[in-house]
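**Student:** Position chain B relative to chain A; hints supplied.
Now for the letters of each chain:
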Amino acid sequence: MKKDRIWIGVFICLLVAGIAGSVFMYRKSDKKTVVIMQDKKELYRINLEDYTKPHEIEIKYGDGINRILIENGQIRVVYADCPDNTCVKMGNLSSDAMPIACLPHHLIIKYADDDNLPDGITG
Amino acid sequence: MTEVVSIMKTGKITELALLTALALIIFTVELRIPVPVPIPGIKLGLANIVTVYAIYRYRAGEVFLVVFGRIFLGAVFVGNLTALLYSFTGGLFCLLGMLLLKKLISEKCIWLLSIFGAILHNIGQILVAVLVTGTFLIASYLPVLIVSGCITGAFTGICAQIIISRNIGKN
Numbered sequence: 018m019k020k021d022r023i024w025i026g027v028f029i030c031l032l033v034a035g036i037a038g039s040v041f042m043y044r045k046s047d048k049k050t051v052v053i054m055q056d057k058k059e060l061y062r063i064n065l066e067d068y069t070k071p072h073e074i075e076i077k078y079g080d081g082i083n084r085i086l087i088e089n090g091q092i093r094v095v096y097a098d099c100p101d102n103t104c105v106k107m108g109n110l111s112s113d114a115m116p117i118a119c120l121p122h123h124l125i126i127k128y129a130d131d132d133n134l135p136d137g138i139t140g
Numbered sequence: 792m793t794e795v796v797s798i799m800k801t802g803k804i805t806e807l808a809l810l811t812a813l814a815l816i817i818f819t820v821e822l823r824i825p826v827p828v829p830i831p832g833i834k835l836g837l838a839n840i841v842t843v844y845a846i847y848r849y850r851a852g853e854v855f856l857v858v859f860g861r862i863f864l865g866a867v868f869v870g871n872l873t874a875l876l877y878s879f880t881g882g883l884f885c886l887l888g889m890l891l892l893k894k895l896i897s898e899k900c901i902w903l904l905s906i907f908g909a910i911l912h913n914i915g916q917i918l919v920a921v922l923v924t925g926t927f928l929i930a931s932y933l934p935v936l937i938v939s940g941c942i943t944g945a946f947t948g949i950c951a952q953i954i955i956s957r958n959i960g961k962n
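Residue numbers (the working numbering), protein chains in the order written: chain A, 18 to 140; chain B, 792 to 962.
In case anyone wonders, no lab produced these hints; they're calculated from the structure.
Warning: the hint list may mix true and false statements.
FRET-style restraints, in silico, Cβ to Cβ [stated by the list, open to error]: (1) B:823 with A:89: 31 to 37 Å; (2) A:67 with B:813: 53 to 59 Å; (3) B:826 with A:33: 21 to 27 Å.
Chain A stretches covered by chain B per the calculated footprint, using a threshold of three residues with CB under 8 Å from any CB of chain B [to be verified]: (4) 47-54; (5) 59-67.
Anything over 12 Å on all C-beta distances counts as not near chain B; from chain A, calculated [said to hold, decoys possible]: (6) 22; (7) 43; (8) 72; (9) 74; (10) 75; (11) 77; (12) 82; (13) 84; (14) 86; (15) 88; (16) 89; (17) 90; (18) 91; (19) 95; (20) 100; (21) 131.
All C-beta atoms, glycine included, are put in the ideal place defined by N, C-alpha and C.
Bound conformation, chain A alone (with noise of 0.2 Å):
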């Protein structure tokens, strides 16, 4: 006798446990400043309140690339060459926990875990 009820309650614990955690991470964030970082490296530190017009960033990765806005105190991907595009179809970034992230061209947009002003490295 297979023990299928242990794996049923394995399953349930699982979805549960995934339900809330994706309600945790996808909780808004209320921070201004943004990380654009690419292999690990810090790319951009932005504070999206300075930008009242519209501005995009263009990062290189190799051949590819990915166009980045800033508009009205947001940030998304407009533009990236990459097959799969989720980047863009990620919109904007509002999630504290969860980044933007172009896994071809190893791009994460994230908000910084501390919420300073940048100090000179801005874009």
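**Tutor:** Then chain B, alone, in the frame of chain A:
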């Protein structure tokens, strides 16, 4: 005698090739289906139906051939070889997990096996993403990927369970 053996082998190779081709077709068609949740790594994983079916009908080594044949050819067809590392690790996690759990979960609960496979696949992918980007923050996608694995895994598992319970393809 040797002729019989070689005929059986040819038959087996043909069956495995058919399964691989079938999985590849499903994989390619799935690329055209848009995913409503834009999180890296979320997909329907319909080709998993073939994997789960193969796990119950073929030996472990043969299932490996089908799955990794499909993964490699799929990456070549799509022209996205950078994604190969992700799907390869995901496929390995999924397959090893399902082969192990097959001994623990009865044939009435194939959908359950498929769910664990899907979750393990996503965990494998996240692991690669964390290592490749060097950002542990990527792991924050894991809860969403676990939920999506439960949903898509259940769907593909139920499909596989129906196919297996109807004894399709069994001599």
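**Student:** Next, verify each hint and record whether it holds.
**Tutor:** Taking the hints in turn, this is what the structure says about them:
1. B:823 with A:89: 31 to 37 Å: holds (34 Å)
2. A:67 with B:813: 53 to 59 Å: holds (54 Å)
3. B:826 with A:33: 21 to 27 Å: holds (23 Å)
4. 47-54: That given contact is violated, which follows from only 1 residues of the segment 47-54 of chain A lying within Cβ reach (below 8 Å) of chain B.
5. 59-67: violated (count 0)
6. 22: violated (10 Å)
7. 43: violated (8 Å)
8. 72: holds (23 Å)
9. 74: Correct as stated: the minimum Cβ-Cβ distance to chain B is 19 Å, above 12 Å.
10. 75: holds (20 Å)
11. 77: holds (16 Å)
12. 82: Non-interface label on residue 82 (chain A) holds, nearest chain B Cβ at 15 Å vs cutoff 12 Å.
13. 84: holds (17 Å)
14. 86: holds (16 Å)
15. 88: holds (19 Å)
16. 89: holds (20 Å)
17. 90: Given a closest Cβ separation of 21 Å, the condition holds.
18. 91: holds (16 Å)
19. 95: holds (14 Å)
20. 100: violated (5 Å)
21. 131: Since the minimum Cβ distance to chain B is about 14 Å, residue 131 (chain A) lies beyond 12 Å and the statement holds.
Hints 4, 5, 6, 7 and 20 from the list above are not met by this structure, while the remaining hints are.
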